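Residues per chain are reported as follows:
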Amino acid sequence: MTIASRSFTELRLENVHCAFGPFKALDGISLSIARGEFVALLGPSGCGKSTALNCIAGLQSLTSGRLWLDQQRIDGLRPEQRGFGMVFQNYALFPHMSVRNNVAFGLKMKGVARDIAERKVNEALALVRLLDHKTKLPGRLSGGQQQRVAIARAIVVEPPLVLMDEPLSNLDAKLRLEMRGEIRRIHNLLGSTTIYVTHDHDEALSLADRVIVLRDGMIRQVGSPEELYFRPARPDVAGFMGYRNILPCKVLSVSGEHARVEVAGAVLAANIVQYVQGTAAVVAVRPEDLIPTADGAISAAVESVEFRGQDFYGVALTRDKFPLFFRSKRRVSNGEMVTFGAAEDRVLLYSADSST
Amino acid sequence: MNSNEAPLRTYLARKGWDGVTLLVVPAAALGIILFAYPCVYGLILSFTPKTGGIFASYAAFFKDPFLYQTMFKTLWIALPVTLFNLVISLPSALCVRLARRQRLLTTILVLPITLGTVLVAEGLLDYLGPEGWVNRVLLVLGIISVPMRLVHNYWGVFLSLVVTGFPFAFLLTLSYLSGLDRGLEKAASTLGAGPARRFLHIILPLILPGLAVTFCLCFVDAFSVFPSAVLLGAPAGATRVISIAAYNAAFEQFNYSLGSAIAILMGLVQLAIVSAVLAARRIIYNGPLTSGKG
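So the protein sequences, as listed, match chains H and P.
Sequential numbering of the first sequence, starting at 1, is according to our numbering.
Sequential numbering of the second sequence, starting at 357, is according to our numbering.
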């Protein structure tokens with residue numbers, strides 16, 4: 001029993017658990033992925049995102065739960081029976097085979113005729129712009145080229161599902177940006193279904209149609225990149241999505257979606273995301289939304305500043321020694337007292353214990 | 357004084373000579389005293405026979421079937437034993453690599469290495485003998501009706517070389533296998549390769565260079581078999597190996613020149629087989645076992 005066709009409607013994870021001894025890498029994951037989607041599994045290291053990918057690929061067996069591809073239950077199938085394409089973090093290219101043979105390997109295993117295989121290999125290599133390197137051994141390629149061979153090798157068999165395990169983490173910053181575009185381009189061109197594991201929220205936001213944030217083996221939030229960026233559901237997700245300022249606050253008044261809170265001795269207007277009245281509260285603000293202005297409410301002393309091209313990035317300490325991360329258009333100097341303001345819709349209010 | 361010393365030191369350092377080079381001296385001295393000198397001495401000895409021209413000892417060897425046949429007899433033991441050890445160590449290493457109690461298993465498998473060849477030979481003499489456990493069990497089970505002859509013939513030597521040679525082959529194979537990136541097999545499996553084809557297309561080609569080296573080391577070891585050929589074999593017949601011939605010539609007939617000539621020929625055969633295998637190894641892929649930079 002194997003999965004022959006690349007056409008399916010959805011992949012479903014049903015209450016998937018995966019434990020290594022007492023450690024629960026996946027603690028009840030339920031999820032459905034539709035054909036053609038680009039889904040990112042995002043989370044800090046140790047959150048279970050790679051384990052989830054390995055479980056889907058069949059490289060790791062589930063402790064309990066089910067995997068469905070439409071009506072077919074697939075969690076009992078071996079990886080070679082599932083036939084999902086996978087791109088590994090260290091590429092895992094076969095060092096003794098030329099680029100051509102690496103890419104042709106999956107076709108050979110499927111028993112595709114030699115001439116058809118050759119044509120498909122050429123197409124795949126053209127897609128990743130590596131036709132000129134066909135006869136080289138992987139060891140002679142640069143990291144970015146190896147990465148592209150790995151992608152070509154995974155997609156040449158036209159798998160129903162392409163799984164990518166932090167494929168860009170071994171590349172330098174510039175190449176990473178380039179390859180990001182490549183990966184999305186190939187996904188769109190082939191209309192494939194991709195599950196992409198990463199710890200980089202920029203990568204997840206820019207690539208995916210849908211982002212799934214994992215932590216401690218559990219799904220913390222599922223949403224579009226915009227939802228996650230502008231309205232993370234919980235403080236821990238906010239922290240992970242670039243809201244570096246998570247400040248304890250006192251809620252003064254609540255009206256509908258809006259609240260007035262006292263933060264670091266100042267009163268701010270905030271938007272309520274998830275707040276149960278009477279509980280301890282925190283507000284989350286991105287550094288770029290914390291703007292130094294003359295009439296700002298929060299005052300703090302600048303601790304350190306670094307110049308990063310467009311903006312200055314800095315840290316300032318409030319009166320009760322709480323660090324505030326901010327960005328500034330103008331140079332501020334160390335020790336300077338600055339007052340910060342923030343737009344109401346950029347200050348998000350949460351119950352502090354909603355992280356658990 | 358310093359102005360003269362410094363340039364010399366930098367000059368030597370550039371050529372790769374510095375204080376660390378001195379650490380090689382003991383090993384180099386031992387190498388010369390214990391290997392190079394006896395080797396050269398033996399070589400000269402082999403060309404200075406008691407009677408006849410300089411090649412007389414070599415001629416004597418190739419004229420006497422009782423002598424030159426020892427070479428084939430030795431090959432007839434050493435080559436099959438080496439192949440057998442290699443072939444059985446590969447699956448065991450593949451299993452142990454995945455086993456959880458790798459330490460324990462490895463220790464058990466390696467134990468025979470710590471026993472000397474003589475001890476193993478003595479043990480096997482009892483164990484495989486007509487009154488030994490093997491024959492008794494087979495008799496009781498009714499598999500055989502007469503005790504099998506397992507010692508004082510070819511099989512006695514063969515089995516003892518398996519006992520002492522297998523752990524060595526196994527350890528080397530295991531170390532080569534452990535150097536393989538497990539990710540490669542995972543990648544192959546996601547591309548549709550089952551266990552057999554993963555072995556054939558990924559594991560085997562990548563450890564073949566290692567297996568070639570293992571073959572050479574095991575072969576050299578088996579080819580120079582002496583104690584077990586005497587104790588467990590038929591030193592006058594089927595297992596009259598080349599080292600026995602050399603020993604006889606040198607220490608029983610006191611023909612040191614012939615003894616040396618036989619020893620030199622023995623070395624040449626080993627060298628020929630090893631060079632052939634290593635030359636074959638150069639044709640196959642023997643680069644790094646991973647391609648990634650991760």
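These are calculated hints, taken from the structure and not from any lab test.
Keep in mind that this is a model prediction, so the values were computed, not measured.
Please note: incorrect hints may appear among the correct ones.
Unchecked claim - To be clear about the criterion: a stretch of chain P counts as covered by chain H if any three or more of its residues have a C-beta under 8 angstroms from a C-beta of chain H, and this derived list gives those stretches:
no., stretch
1, 486-495
2, 533-546
3, 549-556
For every residue, glycine included, the Cβ atom is placed at its ideal position computed from N, Cα and C.
Tested hints:
no. : hint    : verdict
1   : 486-495 : violated (count 0)
2   : 533-546 : holds (count 8)
3   : 549-556 : holds (count 3)
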